Structures are given as C-alpha cells and as structure tokens.
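Colleague: Dock chain B against the given chain A, drawing on the hints supplied.
There are 2 protein chains.
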Amino acid sequence: MRKSTLISLVSLVICSCGLVRAEPNIVIIFTDDMGYGDMSCNGHPTLRTPNLDRMATEGQKWTSFYVAACVCTPSRAGLMTGRLPVRSGMCSSKRRVLFPDSKGGLPAKEHTLAEMLKSRGYATGMVGKWHLGHLPQYLPTNNGFDSWYGIPYSNDMDADHERIKEVNATNGRGDHWQNPRSEYWNVPLMEGEKILMRSPDQELLTKTYTERSIEFIRANKQRPFFLYLAHSMPHVPLFRSEKFKNRSTAGIYGDVIEEIDWSVGEVLKTLRDEGIADNTLVLFTSDNGPWTRFKTLGGIAGPLRGGKGSTWEGGMREPTIFWWPGSIKPGIVHDLGSTLDIKATLASLTGAELIEEQRDSYDLSATLLHGAPSPRKEMFFYRGVELFAVRHGSYKLHYSTQSGYKNDRVDYEKPLLYNLDMDPGENYDIADENPEIIADINRIRDAHQATLKPVENQLEKK
Amino acid sequence: MRKSTLISLVSLVICSCGLVRAEPNIVIIFTDDMGYGDMSCNGHPTLRTPNLDRMATEGQKWTSFYVAACVCTPSRAGLMTGRLPVRSGMCSSKRRVLFPDSKGGLPAKEHTLAEMLKSRGYATGMVGKWHLGHLPQYLPTNNGFDSWYGIPYSNDMDADHERIKEVNATNGRGDHWQNPRSEYWNVPLMEGEKILMRSPDQELLTKTYTERSIEFIRANKQRPFFLYLAHSMPHVPLFRSEKFKNRSTAGIYGDVIEEIDWSVGEVLKTLRDEGIADNTLVLFTSDNGPWTRFKTLGGIAGPLRGGKGSTWEGGMREPTIFWWPGSIKPGIVHDLGSTLDIKATLASLTGAELIEEQRDSYDLSATLLHGAPSPRKEMFFYRGVELFAVRHGSYKLHYSTQSGYKNDRVDYEKPLLYNLDMDPGENYDIADENPEIIADINRIRDAHQATLKPVENQLEKK
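In order, the protein sequences belong to chains A and B.
For the first sequence, position 270 (counting from the first letter as 1) is numbered 265 according to the working numbering, and the numbering increases by one without interruption.
For the second sequence, position 9 (counting from the first letter as 1) is numbered 4 according to the working numbering, and the numbering increases by one without interruption.
Excised from the complex, chain A in its bound form:
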C-alpha cells in the first residue's frame, strides 16, 4: 500500500468521525478589480463565464462576501494576514496603495497565510500580482512563499509617461487605455527576488500565470500545497492573449473576463485530472470592486452601488465562490464572510495555529462544510485609515460616504442606514425609523475602535 493511499484511508476514517479532516490543498484565485456583477451567475447579461458558473453550481457561491478594503494594497494585506489593514499599517488615506517609489510593505511581524501553511508542511507557491511591497524584504518569498512568479504591483504602474503623452497626442486622449501596448508600462516581471524583465508582454500574463499555476499543482500534488494565483487582470490596462481577442460582445473587458474564466476552468480541470479535486479547497474572489471611472474598460457591480475605491457595497462586496467537491455543501450562502476570514478558516481546516494577538478573522469552516450559520455578523468598511461604515447583520450604517475617485465626501451628522437584504442597492435610507439599530451599530463601532493601536503607516513611508 502506498503511503499516500494509507494516509487517505486514515483520513477517511477520521473524517467519518467528524473529528479531524485531512489537510486539504488550498488554492486562492484572486482577480484584480473584477466587479460583483461580472460573472454570468451573478447576473451579468453579456459576459460568458461558464467555468465560474459551473464552479458556483458545484460549490458555494457567497453573496455577501467582503474584502478588507476597497483598494488593492490594503485588501491584499487583509487577505494575507486575517487582520484589518489599519492594524498592520497597510492603508493610508493619502496614498491609498503602494507605488513603485514606496519604501514600505507588509511588516515582518505580520504572519501571512503562506507562513501559517508552511509551518504545517505545505508547499507554498504564488503566481501573479503581489502589491504588498516590492523591496526584497517584502516580497512573497520573504513572506512564506517557496516560489513566486509575477509582478510586484499593478500593471499600470511604472508608466512611460513621455511615451503615453506622445501616443495620446497622436491618437487621442486615453488611447493608451483603449489600445494599450505592453511597452507603455515598465512594470517588472519577477521570479523570486529576481527581475526577469521589464515591460513583459501583458497579453501573455493570464495565460502564463495559468500555466505556472498548473505546473505548481502538478509538481506538488503529492503533498499538501497552497497556491495563491493573483491575476493581474482585469485591472487596466486590459490585455488578453490572441485566442481571446474579440470573443466577447462586451469588448476588451469581456475578452479579459472570458480568459480569466478559462483560467479557472484549467485550474479546476488540473485538480480533477490529477485526482486531487476532492482534497482541494479552491476560493475564487476579487480584490475590490470594478473601476467604474474607466467606464466600459471597467466591470460592473451588478445590483450594488459604487465601485472600487468606495465603501459603498460595490467597492467591497465581491463575486465569491468556494469549491471543494465532496466536502463543501453546494449552494448559495447569504451570510457574511470576508477575505479576512480565510486565515482562521484555513487554520481550522489544517490544524494551524493563529499566533497574532489581534485578529479580525472568523472561522467559516462550519458554514462551508456543514451549512452552519456564518460566525461573522459585522463588517467594517474603511477608506484608508478612516472607518466610513459598519455592517451588522442586515444593516449597514454609513458615517461618511465618498465616490471611489471624486472629491465628493460627505460626513453625516445623522448617518445613513440601509437594510442590505431588502435593499442591496443602498437606495432607501431608513435611519429615521431605526434609532435602536443605529445605537447598536454605534456601540459595535466604539468597541472595535477601542482595539486599534497606533502603527507605522507603511504606505507613506519614505
């Protein structure tokens, strides 16, 4: 009897008793700026996402699943650490994300998902966009990942401004977005701590990330592994490989989503082909809402209000599917969940220890595996370091609102209250009729804010 067979048998026996579960492989597929409404199974009228739709049917689609922040860097910090970015210094109200000239990054004392899983013997691989610090000490391979292939920040950074100015002067304003060419951006493609090249062919990013991910899965299929596949797309500038050009009636954005959908299909197919699907938990979600300032080059939030950069639902509620054939109860979950919860959930599923003192992570495993109610009852909506809104149960209270990228901030003397179950679009303020609910949420806010401690702001670090 092969060792792996024996382990499987033992696991089966243990599982049947409901006590301990064999440590599953973990795959997190994280997209960039994809909106809540950008899956067919979330109601997009045009985009074709058959692989995501199938994943949703076979797995659990969560409809109230939030990221830790409405922009890239702090959102990713929340996923990696299970802690609100305001605790790690990975958010700021001025520079909202890390830039190529930033000196900061994820502090060494933060315990990442990869470090946690590595301590349990997992092979840990990352493919794709990091955006938690590009100086060597901050890179994935210094944060628990055995390997990393990808770009350190967004694909629109390190722009060749002179060239872009020239192109737009010739072809019209915004041409570099409408007809992007990889050479307009000097973003580095890296492997470990080494820069492989500048201005990589961005048309190949989704395809190559997928191939690298499949290689990682095949190379590590004999042991528990953790794969973090963080797509650079559909962040502008939008690129897709030759095969996906003009496939969608929804334009370049549609093509890009169709290639991501293909990528998801390839990953799941690999897991099936290798016979490890029923021992692998896959999470698909996005880092924040759609970048609506880019109009049809951005996605849509479906029925939700607002998009990337804002604390309206469209900025932080994401398209989300958990998949683990045979273990995850198929269905649709309306309960609250967050990328913040992945830490505690994976700790629970793998027997790992949560070592941080202050965490914002709930163990969702009983919901995933047994359909139990989610332990998460509240969500905090930060814009930079400021708490703009709090959700508790069905209700969300906005203390301040602001569009993603406009100077239209409003601080409310009387906050806005919405019942998100009845009013997902945040259209109908019911503050007047519900003073007790407001008082409850105020108390939750106060208790939460009392736990915050001053930390160094990594995003403003010079």
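Any given hint could turn out to be false.
Same chains, same label: a pair holds when it works inside one copy or across any pair of copies.
As a list, the in silico BS3-like pairs of lysine-lysine whose alpha-carbon atoms are at most 27 angstroms apart [said to hold, decoys possible]:
hint, residue 1, residue 2
1, Lys324, Lys264
2, Lys216, Lys202
3, Lys89, Lys409
4, Lys290, Lys409
5, Lys290, Lys240
6, Lys372, Lys240
7, Lys290, Lys113
8, Lys401, Lys113
9, Lys238, Lys324
10, Lys290, Lys372
11, Lys457, Lys189
12, Lys202, Lys457
13, Lys324, Lys189
14, Lys290, Lys160
15, Lys456, Lys189
16, Lys401, Lys160
17, Lys324, Lys202
18, Lys189, Lys202
19, Lys401, Lys456
I should point out that these hints are in silico values taken from the structure, not numbers from a laboratory.
Here the structure is a predicted model, which is why all the values come from computation and not from measurement.
Modeller: Only chain B this time, still in chain A's reference frame:
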C-alpha cells in the same frame, strides 16, 4: 397499441428527421412587476429562487428578452397578439393601463395566442391576471381561452379609498402598502364571466393560481394544451400565503418571490410527474420591470437602469427562462428576444397560421431548439403611443427619456446612444463617436413608423 403511444412514436420518427415536431404543450408563467434582478440566477444577493435557478440550468436563460411595453396592459397586449400595442390601440400616453372604469379592451379582431392555439386543437386555460379589458366581450373566455380563473386587472385597483385613508390616518402614511389587508381592495375574483367574489383573500392568490394550474394540466394532459398562468404577484399590495411569511430576509417582497418560485417548481414537478415534461415548452417571464417607487416593496432591475414605467432597460428587459427538457438546448442566450415573438414562435412549433397583416413577431424556435442566432435584431421602446428608444444589435438610441413615474421627461436634440453589451447599465453615452450607428437606427425608426396606422385608443375609450 394505444393511440397516444402511436402518435408519440410517429412524432419521434418525424422529429428525428428534423422536419416536423409533435405539437408541444405550452405553459406561459407571467409575473407582475418582477425585476430583471429578482432571480438568484440573475444575481440577486438575497432572494432565494432555487426552482427558477434549476429551470435556468435545465433550460435557456435569455438575458436580452424584452416585453412589448413598460407597463401592464400594453405589455400583455403585446404578448397575447404578437403585435406592438400601438397597433391594437392598447396603449396610451395618458391613462397608461386599463382601469376599473375603462370601457375599452383588446379589440375582437386581434388574434390572440389562445385563439391561434385553439384553432390547432389545443385546450386553452388561463389562470390569473388578465388586464386586457374587464367588460364581458374583452374577457379571456371571449379571447380564445376555454376557461379562466383570476382577476381582471391589477390587485391594487378598486381601492376602498375611504377605508385606506382611515387606516393611514391611524397607523401612518402608506400603512396600507406596508401592512395590506385584502379588504382594502374590492378587486373581483372571476371564473369565466362570473364574479365569484369581491376582495378575495389575496394571501391565497399565488397558491390558488398554482393549484388551479396544476388541475388544468392534469385534466388536459392527454391532448395538447396551452396554459397561461399570469400571477398577480409581486405587484403591490404584496401578499403571500401563511407558509411563506417571514421566510425571506428580503422582507415581504422576498417572501412573495419565494412563493412564486415555489409555484414554478410545482408546475414543473407536475409536468414531470405526469410524464409530459419533454413535450411541454414552459416560458417564465414578467410583464415589466420592478416598481421602484415602492422602494423595498418593489423588486430590483439588477445591473439595469430604471424600472417599471420607463423605457430604460430596467423597465422592459425581463428575467426570462425557456424550458423544454430534451428539446431546448440548455444555456444562456444573449441574443434579442421579446414576448412579441411568442406568437410566431408558437405558430412555428405548432404549425398554426399567423393571420394578422402587420405583426412584430419573430420565430425564435431555431434559437430555442438549435442554438441558431435570434432573428430579432431590433426592439422598439414605447412609452404610451410615443417611441422613446430603439435598440438595434448592441446599440440603443434614446430619443426621449423619462423616469417611470416622475415628470422628468427629456427630449434629446442629440439622442443618447449606449452599447448595451458593454454597458448594460446605460451609463456611458457614446453618441458623439458613432454618427453612422445613429443614422442606421434613425432609418430603422423611420421605416417602422411608416408602418403605423391610426387606431382607436382603447385605454381612453369612454
């Protein structure tokens, strides 16, 4: 060998040759004021519609399926006749629907779906809301239906204004909507041409309609039948039976949708149980978009703009599923379709003749059965008798816009142009960049309008 078995065998042989198909049973389930976003499979984050979701997976979900008008009476006239209501006089810009004091109704010369199918030997039954005239000559049983059980117009008509005034004076404005009681409305429940009672218990409407529909199916399962089940819900006042109270976290509206979903499940289950599912085409759709002026007592249009009463997409694009196991190719169809097309489609599927001179109906059967492109390439958006907008392919041109129930009409010197495939929310006007597309659509409009003839306005008839 029984005669029906012989017929089935013959049909099977004929079908295999792809020449003629046995005449299928037809079931149309039509809801009232349900929004595009009000199915879980169209992205509603809270509503639970497992039966519709399953129907969509087994059948074809259409994502660009339009009704003939943005309010009740003209929409239903379009479905029944396959002709734009402006041709039958069933629309008006003043009184937008028929009221209990109206003297008009569907003109006798209009050839209804029921008359067409009756001429092919179909048993024709209707259950639910009619709203095409309540005087005897206009009723369903004088328009091709063998039987009818339901209400002649909307469930908020024949209001007892005195009583409602009193209730609201005591309990607060709008209490009759928030806490409706059947006795506030004197709407009649009818069977054929007979009024069974006034102010029927509206809590039982969905349930009773469902039971009556199932009875009709069982009674007619040996011959081709046409069942038109036109739910009164989720039109306000909202009512649901005891079993569905407080089931949904989305409030009364959610409960009502869950009961409709249950009803759909019961109808499909009956077809399966009786062994006639694979010889029955079922269409599920709604008469117009959500009545957003009722806030959380109305539905949502999901990613679409506007709602009931407007010619924005949310007013006329509907949640739509076709189901016919074994015949309809499962999938999602992005091509255009309309309730106007049901007439020609059913004529094609049943061998019936289209006798009207001017029709607005395309045969969708090749799309349904073989995945062919839809023959419908354009859609006309009327508000009353005025053409507000035209869609052609991906593009929609608005000559005028107005909210469903506000006096905010704008007539554009330069019309608004949207690419609906790339911009389903009609957010990004691209008129400036596309003069040729505008010229094309103007030509389509002119050609269409040249076909219109003056008709008697049935809605203003005194």
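Colleague: Using 27 angstroms as the alpha carbon limit, work out where Lys401 and Lys456 are close: within a copy, between copies, both or neither.
Modeller: Answer is within: at 25 angstroms inside a copy they meet the 27 angstroms cutoff, but 52 angstroms across does not.
Colleague: Are the CA atoms of Lys457 and Lys189 at most 27 angstroms apart within a copy, between copies, both, or neither?
Modeller: within (23 angstroms within a copy, 83 angstroms between copies)
Colleague: Classify it for me, Lys324 with Lys202: is the Cα-Cα distance of at most 27 angstroms met within a copy, between copies, both or neither?
Modeller: neither (31 angstroms within a copy, 31 angstroms between copies)
Colleague: Within, between, both or neither: how does the pair Lys290, Lys372 come out at a Cα-Cα threshold of 27 angstroms?
Modeller: between (34 angstroms within a copy, 25 angstroms between copies)
Colleague: Classify it for me, Lys189 with Lys202: is the Cα-Cα distance of at most 27 angstroms met within a copy, between copies, both or neither?
Modeller: Within one copy only: 21 angstroms inside, 67 angstroms across.
Colleague: Could you place Lys290 and Lys240 in one of the four classes (within, between, both, neither) given a Cα distance threshold of 27 angstroms?
Modeller: Answer is within; shortest intra-copy Cα gap is 19 angstroms, inter-copy 41 angstroms.
Colleague: With identical chains treated as interchangeable, where does the CA-CA distance between Lys401 and Lys113 reach 27 angstroms or less: within a copy, between copies, both, or neither?
Modeller: Neither: 42 angstroms inside a chain and 60 angstroms across chains, both beyond 27 angstroms.
Colleague: Taking 27 angstroms as the upper bound on the Cα-Cα distance, should Lys202 and Lys457 be classified as within, between, both, or neither?
Modeller: neither (36 angstroms within a copy, 68 angstroms between copies)
Colleague: Is it within a copy, between copies, both, or neither that the alpha carbon of Lys324 lies no farther than 27 angstroms from that of Lys264?
Modeller: Answer is both; intra-copy 20 angstroms and inter-copy 24 angstroms each pass.
Colleague: Which holds for Lys290 with Lys160 at a C-alpha limit of 27 angstroms: within a copy, between copies, both or neither?
Modeller: The answer is within: 21 angstroms in one copy meets 27 angstroms, while 47 angstroms across copies does not.
Colleague: Measure nothing new, just compare the shortest in-copy and cross-copy C-alpha distances for Lys290 and Lys113 to 27 angstroms and report within, between, both or neither.
Modeller: neither (41 angstroms within a copy, 50 angstroms between copies)
Colleague: First find the shortest C-alpha distance between Lys238 and Lys324 inside one copy, then the shortest across copies, and answer within, between, both or neither for a cut-off of 27 angstroms.
Modeller: between (35 angstroms within a copy, 26 angstroms between copies)
Comparing the model with each numbered hint stated earlier shows that hints 7, 8, 12, 13 and 17 do not hold.
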